[in-house]
Every structure is written in structure tokens, then in C-alpha cells.
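In the order they appear, the protein sequences are chains S, Z and E. All you need for the working numbering is the position in the first sequence, starting with 1, plus 134. All you need for the working numbering is the position in the second sequence, starting with 1, plus 140. All you need for the working numbering is the position in the third sequence, starting with 1, plus 4.
Fair warning: there could be bad hints in the mix.
[To be verified] Listing some non-contacts, in silico: residues in chain E with all C-beta distances to chain Z over 12 angstroms:
id : residue
1  : Glu15
2  : Lys17
3  : Val49
4  : Val142
5  : Ser143
[What the hints assert, rightly or not] Calculated cross-link-like contacts (lysine to any residue; reagent style SDA-like; alpha-carbon spacing at most 25 angstroms):
id : chain 1 : residue 1 : chain 2 : residue 2
6  : Z       : Lys335    : Z       : Gly309
7  : Z       : Lys244    : Z       : Pro228
8  : S       : Lys243    : Z       : Lys335
9  : S       : Lys555    : Z       : Val539
10 : S       : Lys510    : Z       : Arg534
11 : E       : Lys60     : Z       : Val539
12 : S       : Lys533    : Z       : Pro228
13 : Z       : Lys427    : Z       : Asp204
14 : S       : Lys318    : S       : Lys347
15 : S       : Lys353    : Z       : Asp230
16 : E       : Lys17     : Z       : Val539
17 : S       : Lys212    : S       : Val574
18 : S       : Lys555    : Z       : Gly309
19 : E       : Lys17     : Z       : Thr564
20 : Z       : Lys427    : Z       : Asp456
21 : S       : Lys342    : Z       : Glu492
22 : E       : Lys60     : Z       : Leu565
23 : S       : Lys341    : Z       : Ala502
24 : S       : Lys520    : S       : Phe486
25 : Z       : Lys576    : Z       : Arg534
26 : S       : Lys341    : Z       : Glu492
27 : E       : Lys17     : Z       : Gly527
28 : E       : Lys31     : Z       : Pro562
29 : S       : Lys243    : Z       : Arg313
30 : S       : Lys243    : Z       : Ser311
31 : S       : Lys318    : Z       : Ala542
32 : S       : Lys342    : Z       : Ala542
33 : Z       : Lys335    : Z       : Met366
34 : S       : Lys199    : S       : Arg216
35 : S       : Lys555    : S       : Leu528
36 : S       : Lys318    : S       : Ile344
37 : Z       : Lys427    : Z       : Met366
38 : Z       : Lys513    : Z       : Arg574
39 : Z       : Lys213    : S       : Gly321
40 : S       : Lys342    : S       : Leu514
It is worth saying that the hints were derived from the structure and are not from the lab. Keep in mind that this is a model prediction, so the values were computed, not measured. Ideal Cβ placement from N, Cα and C applies to all residues, glycine included.
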Amino acid sequence: MALTEYAHDLDTPVHPVSAPDYMPAEQLRALQLHRLQGLVRRVYDHVPLTRRRMEERGVRPEHIKTLKDISLLPFMLKTDLRDEYPFGLFASPMNDIVRFHCSSGTTGKPIVIGNTQNDILVWQNGCMRALAMCGVRSSDVMQVAYGYGLFTGGLGLHYGGEGLGCAVLPISGGNTDRQLMLMKDMGVTVIACTPSYFLHLIDEGMKKGIDFKRDMRLKHGVFGAEPWTEEMRAKIESLTGIAAHDIYGLTEICGPGVANDCAHRHGLHVFEDHFYPEIVDPETLEPLPDGEPGELVFTTLTRTGTPMLRYRTRDISRISAEPCPCGRTIRAIERISARTDDMLIIRGVNVFPSQIEAGLLSVEAVLPHYVIIVDKVGGLDTLEIKVEVTRETLSDDIKSLEALRARVAHAVQRIINISAKITLVEPHTLPRSEGKLRRVTDLRQKS
Amino acid sequence: MNTQPIVENRIWQPEAECLPRPQLRALQASRLREAVSRCASVPFYREHFARLGISPDQIRSVEDVRRLPLTTKADLRAHYPLGFLAVPRDAVARYQGTSGTTGKPTWVAYTRRDVDHWSDLCARFLVAGGLRPEHTVQIAFGFGLFTGGFGLHYGIERVGAAIIPLSSGNSERQLMSMQDMRPEILICTPSYALKLMDTILNGDVPRDSLALEHAHFGGEPWTEDMRERIERGLGIRCWNNYGLAEVQGPGVSGECAFRNGMHIQEDHFLFETIDPETLEPLPDGEKGELVVTALCREAFPVIRYRTRDIGIIYADGDCPCGRTTRRMSRILGRTDDMLIIRGVNVFPSQIETALMRVEAVAPHYMIEVSRPKALDEVTVHIEMQPGLFSDSMRELQSVRDAIGSAIFSVTGLHMHINLVSPNTLERFEGKARRVKDTRRLVD
Amino acid sequence: MKINQISLFLENKPGHLNAICRTLSEKGINIVTLSLADTQQFGIVRLIVEDWQRAKDALEAAGHIVNVREVVAATVADRPGGMAEILDVIGQAGVNIEYMYAFTFRHGREAVLVFRFDEPDRAIAALKSAGRNVLDAVSLFSEAR
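Just chain S, same shape as in the assembly:
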């Protein structure tokens, strides 16, 4: 792989892989424009949906003469990925696709992202630059406790660490005892996981008498895949003495490695030579100037498998108008503070209440009245679903109730892929709708 050339570790404050982060602004804009023009041409030629939308607006690829002209282009939405499932948005022939990744959709079907070899290298470059920004170097031992598989967290950081020349420990998610044991035994210096899982590791470690400062060699945490706060960062850092970094990304754009925070922590620098950010007003969809809060929109300038043109992330953020003292010319976005839709992120997994409903209602004897309670216990997200079941079922014996609960739990897990605590309750015990019903209670602290 071409990127392995970067692995030569100079152990300088600026890793060679980070060079594009400091590209002069005019050069960066010129590169972005050049890449945007190429992307628009590719998408126009190969993605019928986008071509149709451009034709409806009377826009042709040659109309893109400046970066501002991006506002002439149509948006892409998560629902487009669903409607065009599985391959409708692919811009490359299937032969060139080398990897598929998925993220949960709003219905039972996932959304599918195809990666060409080029896309894998672009993604790896993003993850390498993110890790390099954190201060990770080739001498580090990185434990990747994100899930591997269709989820992009595990493989993304894995390839990033491998590209930098780190020793990668691909333990994947779960089995906390084992995570702690190997973190200690193997002298791990970098952990990559969700911030909530790391809090859980700290809690479980304390129960076993493990003091992270004394017993671990950990220096860096690379945390992402769910929203978290400065408060949580402060807590993690004071408990463990590590530097806790924020990494941002989403499967539709590639996965982790879209943006990351630098030592100055003035937001997350976007690798905008690959991922062009915009902020738009979520109501009017008008572009907003840097510094204004709005919905974050990304265009994947260099991707070829499933390129995204003005993809609406539903994340609320703002692009920093001030240059960062670190000297990077790539702009920074503010930490993600809210979502514009009702998607829940639980243990790093995207969950929609509609998915839970679909799972619950696939079981006979379940009534369409339920509430979803999301909480954080011991640093770990918990999901409880209270659901009403028919009176006949409740009057039966404990064994069949247990069996029903197990069936409901399985039906939900099958769709959302994480386990939930299921509580069966009597009919008419849960709140009923008087207008707009709030089925979801999220007790996790938000800032």
C-alpha cells in the first residue's frame, strides 16, 4: 500500500502524514474546487438520482466554477440511501468495489456504502491523520475496542494504526475483563473505543483494584462514535491521566477519521481536502457563514465508490471562524451538540425508535404501547424498553412469561443489534398519547 511510506516515524511534533493539514489556504481551496468539479462530474455521470435532481434544477457539472457554486447542487439524505438500497448510489462498477460497510437504516434494512481501493486509502489517510493529530506514533500499542465488522469503527482505526506503524491489538468490543487484562499485560499505550465504554472499563477496573495511572501504560484515548461532553473528557482525564481525544466520522462519509481535535481543543479539524464541510440552516437549507450554528453537511471530494454530494448529517455544529493556534489551515467544527432527528446513539450504535417498535410488534401478545428509557449506568449506556402485553399472557405462569420476554428481547436485538432490558407490564399502565407522545426518555446527561 502506498501509504505505508508515511510510516517512517520521525517522532516530531508534526508527523509527515499530517502535512496536508497545514496546506496554504489558497492552495487548499484550489484543490477542493478541482476535486469538487471531478466529483460532480462522476456523480452526474454515474448516479441517476443525483443526475435527475441536477437536471430538475438546471445544473450541469460545468456550472461549478467556484467553491460557492456547491450551493447550486442538490443534497443527499439518509432516506436516499434507503430508497436506493443497496447499490443505487454507487458511482463505480462493482468490480472496483473492495469493501462494503453498513450502518443501521431507519427500517430493517441497513444502508450500504461501497468502498473502492481508493476509498479505503482515503479513509485510512483520514484515520492516520486523526491518530497523528492525537500524538500517536509508530512505537505505540493500540487496543481497538470498537466493534469490527460492518460497523466502521473497528476496521477504520485498525487500518489507521496499521498505516502509522503502530502495533494493533484488534480485540473488538465486549468482554470487559479481557480488555482490562490485555491492556495491562500488553502494555497498551492507546485505546480506541466509545467514551462510554471507556468509562465502563474504568469502573470495572476500579472494582478490581486497578488504578489506571499506576497500573497501565495508557497515554491516549481515541473516543468517538457517540456524542460526549467536555465534562466527560475532564472526568476521564482526571481518573486515568490519559489524553482523551475526540474523533468524528460517520459511515456515510467513510467512518471515523473525518475530523479530530488537536492539542488546542478548539474543535475538531476536518480533513477537508477529502471531506468538504458546510453548515446550512436546517429549515431553509441556505448555507450559513463560518461561525454560525446549523446542520453539518459533507461532500466527499475524493471518494469513488459511494460518493456523497452535500450529505446532510443531521448533526448540529458550527465551523470555527477563527484560525486554530496549532497552525492547521484545515477548518475545525464544534463538538457535535445535538441531532436534528430522533436517532439515538446507544453504545455507539445508531438506534431509531421505529426500529425498536418494529421489533416489539413482530411478537404476538405484545401491545403497541411501549416506552424507551435510555440511561447511563456506571458509564455505560443502558436501554430499557417497557412494553405492555395482553392480560391473558400475564395471567400465565412464570415460565411462559420468561419465554415471552426472551422472545421480545430477541426480536428487538435482531433489528437494532444491541441488547435491551425488556420489562413486560400490564395493559394500560404506560402513558397514552394526548397529542404528541414522547416514547423516548433519555436520562443521559446532555450539555
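Since the structure of chain S is provided, determine the placement of chains Z and E on it from the hints.
Just chains Z and E now, kept in the frame of chain S:
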């Protein structure tokens, strides 16, 4: 010997796989010499070499391997975690692991070059078994420390085919992906393929909605019987390969288009067969314990590793595929008490370790392994004892859950926990036979 | 005011409960009441017998694991709402019930509720001050005979 290929006969690295035998033997001898000098930086080998008076320049032929010491899993465990590491930690690109006999895993390490070799070695058996760059491959092996997922992932990537890294479990999702994404090749354990086949043959997922042509199996022993059932049931070709984490992971040997056993990648691995009792070498053609020397590995070289796997290295001449490498049989059994459950290696002693975590005095227990449908089920029967019992159902169930999660934490497997009355499990004089395995895993 | 209850582990297999009863009857031990809590796979048998020590010895000699636990027994009028009244008292006292079961005595005219509380002494005090009849061992066994 089969003389007709089942699929087109393709060879990924003909310059290595078809090397004339005299050159191959010479290459093995020189690589063995290099391996011995690399091992000199591992204290375990340095001591043994000193005791036996061996230096690398004394290794002149492949036969000289017999002068070298055997390495066992216990040796690896005694030097936990990284006593066998032969390079500086900076040079390690990857760690993988395999379950140990106690709660601690056995670690293996790879340099960047080791990972690179591993990718090509996996590409060799995948290409021999039908993989082409234009294919899409669904990986239903778990990723993580287990070598199966990553070995195959990198091998497929090397060939240039498309990967769906689905990971293990969730059959509905596996089948949905097989229908929607239309992979031609599936990577999984053979028992998992049986389970998926049940759903397909029930008609829930019509066979013609799938594009499947081949399956590459690994992770657990299987039989010709199972191959026939799955090939007939699904109308696909099923391929066998062999490997173990201690010497690399998958890609140590694999079948070719003629299916005359599994070609050993002899330019990377030196195989011997020994009598597990006397440890004496056995000639080709005789059944015995396979012993493997990794000739090229930099980070974690092992010499004469006792695999505990029983097999035969065939002595019946060259395969018509054009490869010059020797071939081996399926794995025909084990020389220790290791169980392979849903592709995961489990030792009965691990269960005891887990029980000790819940109660200081480990209760009597019995492990029952069965395959009621396609997948392995494990029930651990545990005799009730005073420290475990409570008059509260909630507490009793939490004891049971605690045992289950301790077992999961040690083995990585969910097992059924069955609490039984005191004095109801069989008692043994001498060596306890704590495992009842009703699966049929070898021919 | 507390009663000693013995409990045993029971596998859900035919004949297992019978074996327990036979062991006690062979020793001439009368079972005042027996309650069974079970799951698909195992259960807990809870017994109130007059001579709990002798019952425990006999069952342990027969290879069972026996646990002795103090429980509280209170009478309740056998009519609608009788039980709710007593549960109200316990609820107001803020005492948690680990489990409970009931049986009738005095020829069916009254019922006895057997409770295991997390704080039995507070529960007894609350029941008594609410005028409920909490049975001690002597009256329980003499009435039950």
C-alpha cells in the same frame, strides 16, 4: 488421487507453490537456518540451543530440524505474555490471540512483513478454491483477536475481491446480506453453514435469490459427510484449509482444485508427523501429531510447535495441479482435551478457572457439548453447594448469571448453566472425564 | 416473633420433591407448609416444620443443601381486601419483601402470610403497631396441629 479438477486450476504464487522439489528443500533448509538464528534472541530457545549445543551454522539440511527442541503450548504460556517475541516491540504491527488453557490467552505477534506474508498465504488457498478478483466475499467469521477473520480479510483484499465484513452471528442479517449484496463466496464455520442451509432449504430464503458459489470453511473440524450434505443442499463448492494462531493463523495449508488433500505451504512451514507418546518422527503416510516450524516468521518464530492436531501427511506423489508441495489430510482428532466450540478453542480447565472466580471452592461440574441442529450447544452442569445456594430466587439466579458471565469472560462463549442437585454428577477415580461430547466431528 | 424456615435446592426433575417429603415423613416430621418457587430448570423449596433442626439434619444427611432463614408469619382474615391491608402496612413502613407465600389454617377460617423481609424487625414492629397478629413459633405450631 483425483485427476480431474473441480474448478478451474488457478495458482496465486506459482513461483513459490510450484518450485521444483530439490529447490524447495534447499529453500527450506536455508530458511530453517535463518529461523534458528532469529530464535536465538528468544530466551527459551537460546537456553535450549545452548544446552543442546546447536548453532545456526549447524543447520545444513531440512532433516536437521530433528535436532531442535519441541515447543508446546505450555512453553508459550510459561513465557506469557511475550517471552517468545523475537523483535523489538516497536517492530510489531499486530497482536492476535488464541485461548489458553487457563484464563489468559496465548499471544502471537506479527511484523509488517509477517502480515504481508500471511495475506499472500491466505490468498493462495482462496484462489485455489475459486476466488477471483471480481467476486464479493461475505466474512462470517468474528474479527478481533481470533486469527480467522483477519487472515481471510487480508487474503481477500490481496486478491482484490470485495469484502463484506459481516462478522459472526445474526443469521437474519447474514441471509439478508447474501440476498441483497449477492456474494459469490461465504467464509464461515461449517456448522454455521449448516444452520444457514436449514433456513434456505426451509424455503424462507429461496436458493435462487442467492449468488453463492463457494464456501471456505475453517475454525473447527468437519467431515466429508458434512461437505457432501452442504454441497448437495446448497449447490456450492466447500473448501477446507488449515492453520493455527501459534504458527500464523489460517493459510498454513489448503485444498486445490483437484482436492487431493490440503497443500502445505512448505516454503513457509516445515511439517513433521510424530508419535505423540514417544515423540519419535513418523514417515509420511502415517497418522500422527502434526509438528510445525514457521520458517519465515519474524515477530514470533516457533520451532517444532506441537499442534496437538492429529493428521496424515500423504506419501502418494505429486498432485496434478502442478504444485510441488506435500499434502495433508483433514484433522482427524486431538491429542489433548481441547474442545472446539462454534470455532472457539475451549479447554475444560478454563471452566474450572471461571468457577473458581465465583466460589473459592470449585463445585463438581460436567461439560456437555452437543449439536442439536447445526450449531454447537454447551451446557455446564454444576452441582449445588452451600456457598452457592440461597432461599431467594433472585439471588440464586444471580449466582447462575455470575457463573455464566465468568465462563464468558474466560472462554468468550455463552454456555447454558444448569444447576443440579448435590451428588448427582458422576465421580471419577483418577483423571476426571468432565466432558461429554456427542458431536460427530471426524470421519 | 420470627420463625425458622428451611429451604432446599431442587432440580426440576420427576421425583425430586417427593424424595424430600419422604425423607421428612420417615423421621416423623410434619410439614406445616411448603412453598415452591421454580424456573424452567430449577426451584427452591421452602418448608416450615416444627422441628427445623431435626429436619435440617435429616435432609443434609440425605445429601441436600439446606439453608435456614428467619421469616415472619402474620395472620390475615380470609376475605377480599384482607391481604391488601397487610401489604399497605408493610409498604408504608418502607420494608422490602424478598418473597412471600400463604397458607390457610384453623380449618380454613384464617390465612397465614409468610414473609421474608430485608428488615424483619422493622416489619414486625410496623405490623404490630397496626394491630396485626404476628405469630410466634409456639402459636403457629399449636394452631397448625
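A quick look at each hint next to the structure:
1. Glu15: violated, 5 angstroms
2. Lys17: violated, 8 angstroms
3. Val49: Non-interface label fails for E/Val49: nearest chain Z Cβ at 9 angstroms, not farther than 12 angstroms.
4. Val142: holds, 23 angstroms
5. Ser143: At about 23 angstroms from chain Z, E/Ser143 clears the 12 angstroms cut-off, so the statement holds.
6. Z/Lys335 to Z/Gly309: holds, 11 angstroms
7. Z/Lys244 to Z/Pro228: Holds, at roughly 23 angstroms.
8. S/Lys243 to Z/Lys335: holds, 22 angstroms
9. S/Lys555 to Z/Val539: Since the Cα atoms of S/Lys555 and Z/Val539 sit roughly 19 angstroms apart, the hinted pair holds (cutoff 25 angstroms).
10. S/Lys510 to Z/Arg534: holds, 23 angstroms
11. E/Lys60 to Z/Val539: Measuring from Cα to Cα gives roughly 23 angstroms; hence the hint holds.
12. S/Lys533 to Z/Pro228: The hint is violated at about 57 angstroms.
13. Z/Lys427 to Z/Asp204: holds, 22 angstroms
14. S/Lys318 to S/Lys347: holds, 11 angstroms
15. S/Lys353 to Z/Asp230: holds, 16 angstroms
16. E/Lys17 to Z/Val539: holds, 21 angstroms
17. S/Lys212 to S/Val574: holds, 21 angstroms
18. S/Lys555 to Z/Gly309: holds, 20 angstroms
19. E/Lys17 to Z/Thr564: holds, 12 angstroms
20. Z/Lys427 to Z/Asp456: Answer holds: Z/Lys427 to Z/Asp456 is near 14 angstroms, not above 25 angstroms.
21. S/Lys342 to Z/Glu492: holds, 20 angstroms
22. E/Lys60 to Z/Leu565: Since the Cα atoms of E/Lys60 and Z/Leu565 sit roughly 23 angstroms apart, the hinted pair holds (cutoff 25 angstroms).
23. S/Lys341 to Z/Ala502: holds, 22 angstroms
24. S/Lys520 to S/Phe486: holds, 16 angstroms
25. Z/Lys576 to Z/Arg534: violated, 30 angstroms
26. S/Lys341 to Z/Glu492: holds, 22 angstroms
27. E/Lys17 to Z/Gly527: Measuring from Cα to Cα gives roughly 23 angstroms; hence the hint holds.
28. E/Lys31 to Z/Pro562: Distance ~21 angstroms between E/Lys31 and Z/Pro562 Cα, so the pair holds.
29. S/Lys243 to Z/Arg313: Holds - the C-alpha atoms of Z/Arg313 and S/Lys243 are around 9 angstroms apart, at most 25 angstroms.
30. S/Lys243 to Z/Ser311: Since the Cα atoms of S/Lys243 and Z/Ser311 sit roughly 14 angstroms apart, the hinted pair holds (cutoff 25 angstroms).
31. S/Lys318 to Z/Ala542: Given pair S/Lys318, Z/Ala542 holds - Cα atoms ~24 angstroms apart, limit 25 angstroms.
32. S/Lys342 to Z/Ala542: holds, 16 angstroms
33. Z/Lys335 to Z/Met366: holds, 12 angstroms
34. S/Lys199 to S/Arg216: The hint is violated at about 31 angstroms.
35. S/Lys555 to S/Leu528: holds, 18 angstroms
36. S/Lys318 to S/Ile344: Holds. S/Lys318 to S/Ile344 sits at ~9 angstroms (cutoff 25 angstroms).
37. Z/Lys427 to Z/Met366: holds, 22 angstroms
38. Z/Lys513 to Z/Arg574: holds, 23 angstroms
39. Z/Lys213 to S/Gly321: Given that 25 angstroms is the threshold and the Cα spacing comes to 22 angstroms, the pair holds.
40. S/Lys342 to S/Leu514: This hinted pair holds, its Cα atoms lying about 17 angstroms apart.
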